[in-house]
Amino acid sequence: MIELEQQMILAARKGREEGYQYLMNRYGNQVHLLVAQLVPDIRDVEELTQDAFIRAFEHLSDFNPQRGSFCTWLCHIAYNAALNHMRSQNISLLHFDEELYPPPNVSLWVQDEEEKSHETECLSLLNRAIEHLRPEEHALLHMRYYEGHTLGKIAEIMGVAEMPLANRLQRIRHKLSKLMKNEQDNR
Amino acid sequence: MNKTTDKKLDRALQAVMHHRATLVPKLAEDFAEQVISKMNARRQRAHHYRVVATIVSIAAAILIGIIIWPMKDEEVIIRPKQQNAMAKVIPPEPIPKKKVETKTSAPRPKMAPKHRAVAASSVTQQQIQHEFTEIEITSPEILPEPEHMIASYYDRSDPFLLASAHAQDIRTRGEQLCRKVELIMNF
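Line order of the protein sequences matches chains Z and H.
Remember, this note's numbering sits 933 above the position in the first sequence when you count from 1.
Remember, this note's numbering sits 36 above the position in the second sequence when you count from 1.
Among the clues, some could well be false.
Under the rule of at most 30 angstroms between Cα atoms (straight-line distance), these lysine-lysine pairs were calculated in the DSSO-like manner [as the list claims (entries may be wrong)]:
(1) K44/H <-> K1049/Z
(2) K1049/Z <-> K1114/Z
(3) K1086/Z <-> K947/Z
(4) K1086/Z <-> K43/H
(5) K1114/Z <-> K43/H
(6) K1086/Z <-> K44/H
(7) K1108/Z <-> K43/H
(8) K1108/Z <-> K1049/Z
(9) K74/H <-> K62/H
(10) K62/H <-> K1086/Z
(11) K1108/Z <-> K44/H
(12) K74/H <-> K947/Z
(13) K1111/Z <-> K44/H
(14) K1049/Z <-> K43/H
(15) K43/H <-> K1111/Z
(16) K1108/Z <-> K1086/Z
(17) K1111/Z <-> K1086/Z
(18) K44/H <-> K1114/Z
Hint data in this document are derived by calculation from the structure and do not stem from the laboratory.
For reference, chain Z alone in the conformation it holds in the complex (with noise of 0.2 angstroms):
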């Protein structure tokens, strides 16, 4: 699979179409949801999307795969670029619609009735808690735990040392459930 990799980028380097066509149908999905952690507007992660693979393609002399993975390369472009373009735009908090992203049905993974309703409630204290977060806390949640990323993986790719980070997903954590239970104190 890595030699193919190898093979695909070598053929994207000659600028060779097969070469493009296969990395992006590899990273392609990935990219878009991790610039969609970033960018509330659907059509600017679609353009930022394809920014990211262009500057990739353009600049693949540049990438050195004993310094890391193309994923990786690739996902800190996507990550700088829509950064950039999240600063530039003036968004410091995303605001995500309830009734787009709603709470995920535990009815999937929970069988009995008290547990359902609970952790229903959970879930969705958390669902609402997450919107409180700045992009880039969010981008940092969704590397690791949808994408389930290392530490040192999402260090690269934010462009940030690893421990740190370490901290700054704890603190993200407490405050998580700090959120959670001030809404749950209010009800």
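With chain Z fixed as given, assemble chain H onto it according to the hints.
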């Protein structure tokens, strides 16, 4: 936060982030084609700009040629700049012996010894002149400062011109020194 709460939060975060990821609109099916066509368009535009830039520079060169061609038989007098007005090499002026002897603008000569307490009013101009002449010969005269040298008038951007001027300066200094030595020996 204890470990159980930590694990619970982890699980809840995973569930919410997975759920949110499924709600993000999918990437367009023709995404790869869009990116490739966008890239080709960019390349064509860059090529177009290169061609236009080349055409403009060739046209400018032709235009300059057309303007200069009728003037090819005319004598063009290039006047040196004000600071380069002394650009031609000046032959050193022979310094008359008498002038050197009576020169009073040399570095401040040593005053006469203090033990000769003489009233200022009683010293005649001839006596002063005599003493000055004596000290003048025994003390070395300071050579001209670099700003008075020929090389300082030259355009510093032309190394060959500057080097020849420096050579001329050195020769002048040498000749001056020779005359000085002769003067001392003859005294």
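Tested hints:
1. K44/H <-> K1049/Z: holds (14 angstroms)
2. K1049/Z <-> K1114/Z: holds (19 angstroms)
3. K1086/Z <-> K947/Z: The given pair, whose Cα atoms are some 28 angstroms apart, holds under the 30 angstroms limit.
4. K1086/Z <-> K43/H: Holds: K1086/Z and K43/H sit about 22 angstroms apart, inside 30 angstroms.
5. K1114/Z <-> K43/H: Given pair K1114/Z, K43/H holds - Cα atoms ~17 angstroms apart, limit 30 angstroms.
6. K1086/Z <-> K44/H: holds (24 angstroms)
7. K1108/Z <-> K43/H: holds (16 angstroms)
8. K1108/Z <-> K1049/Z: holds (24 angstroms)
9. K74/H <-> K62/H: holds (20 angstroms)
10. K62/H <-> K1086/Z: Answer holds: K62/H to K1086/Z is near 24 angstroms, not above 30 angstroms.
11. K1108/Z <-> K44/H: holds (15 angstroms)
12. K74/H <-> K947/Z: holds (18 angstroms)
13. K1111/Z <-> K44/H: holds (15 angstroms)
14. K1049/Z <-> K43/H: holds (17 angstroms)
15. K43/H <-> K1111/Z: holds (16 angstroms)
16. K1108/Z <-> K1086/Z: holds (23 angstroms)
17. K1111/Z <-> K1086/Z: holds (28 angstroms)
18. K44/H <-> K1114/Z: holds (14 angstroms)
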